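Top to bottom, those sequences are chains A and B.
According to this note's numbering, the stretch in the first sequence is residues 1 to 147, in order.
According to this note's numbering, the stretch in the second sequence is residues 148 to 695, in order.
Calculated directly from the structure, the hints in this document are not laboratory data.
It is possible that part of the hints are untrue.
Claimed, not checked - If you only want the chain A side, here are some residues facing chain B, beta carbon under 8 Å, derived:
| no. | residue |
| --- | --- |
| 1 | F18 |
| 2 | I25 |
| 3 | H56 |
| 4 | G60 |
| 5 | I78 |
| 6 | W98 |
| 7 | S100 |
Unchecked claim - Here are some chain A residues pointing at chain B (derived, C-beta under 7 Å):
| no. | residue |
| --- | --- |
| 8 | A38 |
| 9 | V71 |
| 10 | E75 |
| 11 | F82 |
Unchecked claim - Some residues of chain B that are not near chain A, with every Cβ distance over 10 Å (derived):
| no. | residue |
| --- | --- |
| 12 | L157 |
| 13 | G160 |
| 14 | P171 |
| 15 | W216 |
| 16 | P223 |
| 17 | K323 |
| 18 | I350 |
| 19 | P378 |
| 20 | P521 |
| 21 | P589 |
| 22 | T628 |
| 23 | P646 |
| 24 | P648 |
Computed from a predicted structure; not experimentally measured.
Ideal Cβ positions, reconstructed from N, Cα and C, are used throughout, including at glycine.
The lines below spell out each chain.
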Amino acid sequence: MSSLPLLQNALLVGAILFSLGLVGILARRNLIVMFLAAEMMLQGISVSLVAWSRYHGDWGGQILVIFVLTVAACEAAIALVFVLGAFSRTGRLDAAAWQSLREATLGRVIDRELPASDTLPQKFPTLTPAGVLPETDEDELLQREHV
Amino acid sequence: MNDPVNIGTLLSGTLSDTLTVSLPLFRPELTLSATIVLLLLCRMLPLLRLLDSALVALGGAAFALWYAWLDMQALPVFAEAASTAGGRTEIFSGLLVFDSFTAYLRCILAGFLVLYIVFTKVSGIPDREDGADFYSLVLGATLGMCLMASANHLLMVFMAVEMASVPSYALAGILKGRRAASEAAIKYAVYGAGAAGIMLYGISLLAGMLGTCHLPSMAVELGRFAQAGAPGGSVMVLCLGGLMLAVGLAFKLSAVPFHFWCPDVFEGAAAEVGAFLSVASKAAAVALLIRVAYGLGMPAGGAAAGELVADLAPVRHFAVAVIALMAAVTCTLGNLAAYGQTNMKRLLAYSTIAHAGYLMMGVAAAMALAGPKPAAAATAVGAVAFYLGTYVFMNLAAFAIVAFLRNRLRSEEIAAYAGLVRTSPGIVVATAVVLVSLIGLPPLAGFVAKFLVFSSLVQAISLGVDRQLMLLLLVVGGVNTVISLFYYLRVLKVMTFDPPPEDRVGEAFPLVSLSGAVVTALAVPVLVLGIFWSGLYAAAQLAGAFAS
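Okay, chain B solo, but in the shape it has when bound (with noise of 0.2 Å):
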């Protein structure tokens, strides 16, 4: 059956497929594990432990930005882009894809990571003692999570998230001498462990029914599957593991009913590694999301593959009820939560979980889109990375804000930041900014991201395709921007009209010192992103390219 393949051709072949092709797609991730075997050389030689491992992370972190941000330059522009599938090139024998989305996406990582080693080297945690654990972890969990976005195969997928896993169970025991922390840690690597396990399983059931892990061959064999009409059990088989694969990717989310996680882990661990993980994690999940379900609800080359992808229709069916169903629970059940917490974090993660519901959306959008219309899919990808834009903004910067006045109030609960209107005026600015921008209203750049999710929203039900879920979508998310403005607005109601604690420890805290200075810097993008857009819209709609 197979052809006999002489061993010098296959490995010359493979030498030079990697040599000349992936390694020069792969720079950012080779810069990131660079870094990492630098910061830990860094302190074993006795000149070298002098330097401050935050300097040696900053700069690798610029370096992998660097490299991103010129994978993102040599793109074709949209136009091009568009009608080859967002520049497709699968490296490492099909285990990554290369596209404008996986490029855009590792902007995103990169440049966060730089603003977040930044914030991390202001707020104090980690101390210098840790800083070389702490950075180690945080690059080690980026890489993962870049690998996440550009995952081409079940394999990858898997060893992906946990990369991105593990070093965020040991990141959210990082403060060893809190007891909260180690609590959060346990309890997020049970959760792991459990739901890797699940999501494994779902796996080994796919790739066994379909015989193939690579995602675009899987689609083929999905679409052969359905043409010829399987057997029901079979088709039983497939839904299961569809949905187990489903439950490892909610848990990355913290979708509901995969959520309770992330309260606790939040709360425990200390506001910086709660950064990390409600931006970078969630970012790198949703990339996932879209990786998966894309690569098996449509063929690889997009609408060019012709009859392909209405046999896969069920498919993208199946995707779209399971990904918006929940969506819809995510979304109320987070912004309910959120409304009775005492803790700012606690509050946070709540808000995250019911950011990943609107993120779903979009997602939902652009899977209904897919088959009848890809141009407008292309948007809705487009718009859930434009959200994924301003969401490294908004969060941390909120998560900066918390961070900085535990330093100052030595406490994260809302009741201690009462009347800081009367000392510190411009935190409480910087604050409201983040705040009625994760609520999403105009002028900021959370208003910008929501319109655009809504709209792809609105087009899919103008459509007709799934309808009545892409309606439910849009009454759900309506409601829940309403329900949402509530506690959000109650922070700032506690900061500005309650009167201040008597025993208050901390004093002012003025805009003009450097902490001030972070908040600024990540506040201030929040408000031009929501006035000038176009700029990085044009790029998120050519990260959406590759779906069209």
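Bound conformation, chain A alone (with noise of 0.2 Å):
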């Protein structure tokens, strides 16, 4: 196959998983399949790299991959890190768990309302109190049961 064609193909083929990549990290919400993403995003773009690299008959588009490649172990390291400790703080691995830090005229991102009855605060009529009742932090609460 002629070198013109073969770097379309190619090239193709990187833009498509690229875009894949974008649309995953944006649209999907698991924390674990986003960083999937990311990483779609940098092999799409490798492929489209080494294509280039043949194309021009040079090694510098491969030497770039395999810098990406190094970079992308490191940023996929890291964000493991913080999934994990995100699920372990959580349970969860949805992104929507993770929204008390936000501009204060935005309201949380909420999929479903429980019904009134269950947001009410719990009472325990037949305890008699011991010490003082400890703080519950609202919003995490409210993330727990609404999400």
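With the hints as a guide, dock the two chains, each given alone in a separate frame, to form the complex.
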């Protein structure tokens, strides 16, 4: 196959991989899938870099790919640490569990409301109070039940 | 096509170039790397574990500053520097470039690092256990930022951005026990991974179309494209590549519309981390923006390269349009959004976004002036460099005040600062100095910096290059300065006029204390640089000499 159609085909594959990754990182809510999508973007870029490198007949693009892979590994490692920490804290991989930092004027994204009776503060009529009532983080309660 | 190269001569040539030219000009970065290794080694050995990692890091940063200062001293004076494009030397076979701008930025970054380590040592985050991790991350990120300031190759641009970003993600989450810190780290990492991917795709488009990643060679190729009248399709691809590259840079600069991470990360992470991200990261990002814009828009030899300068005019025009529009939007949105904030760290985050806008205005003016009047462009780059120099003190002082007040009051809400003037007048005066300087009022350093940037805009208008855009920037800059007056002064109003809250936990914060001394040491230069600014100005002009 001559070099120009080869380049075009490889660039097409690269562009498709890249756009799939971009859509994934924008649209998915699972933290692991989001990072997988970011990796897919980088793989698409690697494909097109190698294609350009072959088309121009020099090694520059391939060397770039080696560096990209290294950086991608570092990024994935650190991202997985965060995901693991997030999972052990909230017990879920949903990105919507993490929305306590936001503009004061913006509301929280809630998938389905609980019936109003469930959101009332619990009362313990049969127990005698022992010590002070522990402080509860309202945000944390909400998102455990609501998201 | 290629001449046969003897592998022996190739190796010995590379070796001698690396050993005699590159490595001596790379001493600050080498010092930082050695310090990171030392920090991690110290923790492994039983006796050395007793050594405080802040001291090790401080020693390393001081050495790096010393070497950066020596490199700065060794530069030719301004008149000579201007004729030799800032003493430009390509090192490591063209991956990096050493010139007056590199030397100046490294001085700024290393100097910031010294102040920063002292500040974090006093403020108590990180604690002793986390110290080695924290400081090796900080030094590693600074190493990446030094590379950002000297990048001369798109591979290096990408690597440097990642080297600065990846440790920053970890820094944002350094307070492992706090939920908000984890959230900040996750948001920063997701956003950063996406932005890096888009930037890299832009790099692959540009590099593929032009057949090289070396910025000066890319400028030559671009000039050839422009002269030959390239077909519309390839111009589209080049523009797309440039815009995607700009996405990555805008993420680092926290420029609108890629600023969403900034307020959340600043609010969630510790104030100490915010200080690092808002000063060092921003300075390096501005430097990288100048490097990339100049690398693609001007030939390496400066104005001496003759007709290539004229050929590259469309590239420069494109860069000016992108940077100027982004600057205008960034500045306006940053200032407007800061207005309604109740959390001091979030307010400062929007304030840094707005300042990124002012800095980009200076870069846009420099790019507009680069073709018709290189000497004025050098002055404009010098103005941006001066702005960065004063910004170190202003913003580090602002975040230091937030951190120390947090230690006393257990709160970072603006409302918690009410009535501070009755118990701790000294800290209120220091805050006033810093905030008024951030507004840009005389006689403080922020005024001089802003004045220099606006005067380079005026120069571009008077020369009539990209006149409408420059006029727009000047008006937007002026209006924004007025807007910013309100939200900075609101903080001071709360501190002085409002009655103190009933349930205040903290005690008074005297300026005569260790933390007070740090605040004073950061706030006094803001005042002094506003009056005696000629020294820093001369250094900044020397930094800009590479552009003439």
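Cross-check of the supplied hints:
For the restraint placing A:F18 at the interface with chain B, the shortest Cβ-Cβ distance is roughly 6 Å, inside the 8 Å limit, so the hint holds. Interface hint status for A:I25: upheld, as the beta-carbon distance to the closest one in chain B is roughly 5 Å, under 8 Å. Because the closest C-beta pair between A:H56 and chain B is about 5 Å apart, less than 8 Å, the hint holds. Annotation: A:G60 was flagged as interfacial toward chain B, and the flag holds, the nearest CB pair being 6 Å apart, inside 8 Å.
The criterion of a C-beta within 8 Å of any C-beta in chain B is met by A:I78, whose closest approach is roughly 6 Å, and the hint holds. The restraint placing A:W98 at the interface with chain B holds, with a minimum CB-CB distance near 5 Å, inside the 8 Å limit. With a least beta-carbon distance of about 6 Å to chain B, the hint placing A:S100 at the interface is held under the 8 Å criterion. A hinted interface residue such as A:A38 counts as satisfied when its beta carbon comes closer than 7 Å to some beta carbon of chain B; here the least separation is about 4 Å, so the hint holds.
Because the beta carbon of A:V71 sits about 5 Å from the nearest beta carbon in chain B, less than 7 Å, this interface hint is met. For the restraint placing A:E75 at the interface with chain B, the shortest Cβ-Cβ distance is roughly 6 Å, inside the 7 Å limit, so the hint holds. The closest approach between the C-beta of A:F82 and any C-beta of chain B is roughly 5 Å, which is under the 7 Å cut-off, so the hint is satisfied. Residue-level check passed: B:L157 sits 14 Å from the nearest beta carbon of chain A, beyond 10 Å.
No beta-carbon of chain A comes within 10 Å of the beta-carbon of B:G160; the shortest separation is about 18 Å. Once the 10 Å rule is applied to beta carbons, B:P171 is consistent with being away from chain A; the minimum gap is 25 Å. Remark: the non-interface label on B:W216 is consistent with the geometry, its nearest Cβ contact in chain A lying 31 Å away (cut-off 10 Å). The claim that B:P223 is not at the interface with chain A holds, since no C-beta of that chain comes within 10 Å of its own (minimum 33 Å).
Distance check on B:K323: its Cβ comes as close as 7 Å (rounded) to a Cβ of chain A, failing to clear the 10 Å threshold; non-interface status is violated. For B:I350, the non-interface assignment is contradicted: its Cβ lies about 8 Å from the closest Cβ of chain A, within the 10 Å cut-off. In this structure B:P378 is separated from chain A by more than 10 Å, as the shortest Cβ-Cβ distance comes to about 15 Å. Distance check for B:P521 against chain A: the nearest CB is about 30 Å away, which clears 10 Å, and the non-interface claim stands.
No beta-carbon of chain A comes within 10 Å of the beta-carbon of B:P589; the shortest separation is about 34 Å. Non-interface status of B:T628 relative to chain A is upheld: no Cβ of that chain comes within 10 Å, the nearest being about 24 Å off. Annotated as non-interface, B:P646 keeps its C-beta farther than 10 Å from every C-beta of chain A; the closest such distance is 23 Å. The claim that B:P648 lies off the interface holds: its Cβ sits roughly 19 Å from the closest Cβ of chain A, which is beyond the 10 Å cut-off.
Comparing the model with each earlier hint shows violations of hints 17, 18; every other hint is respected.
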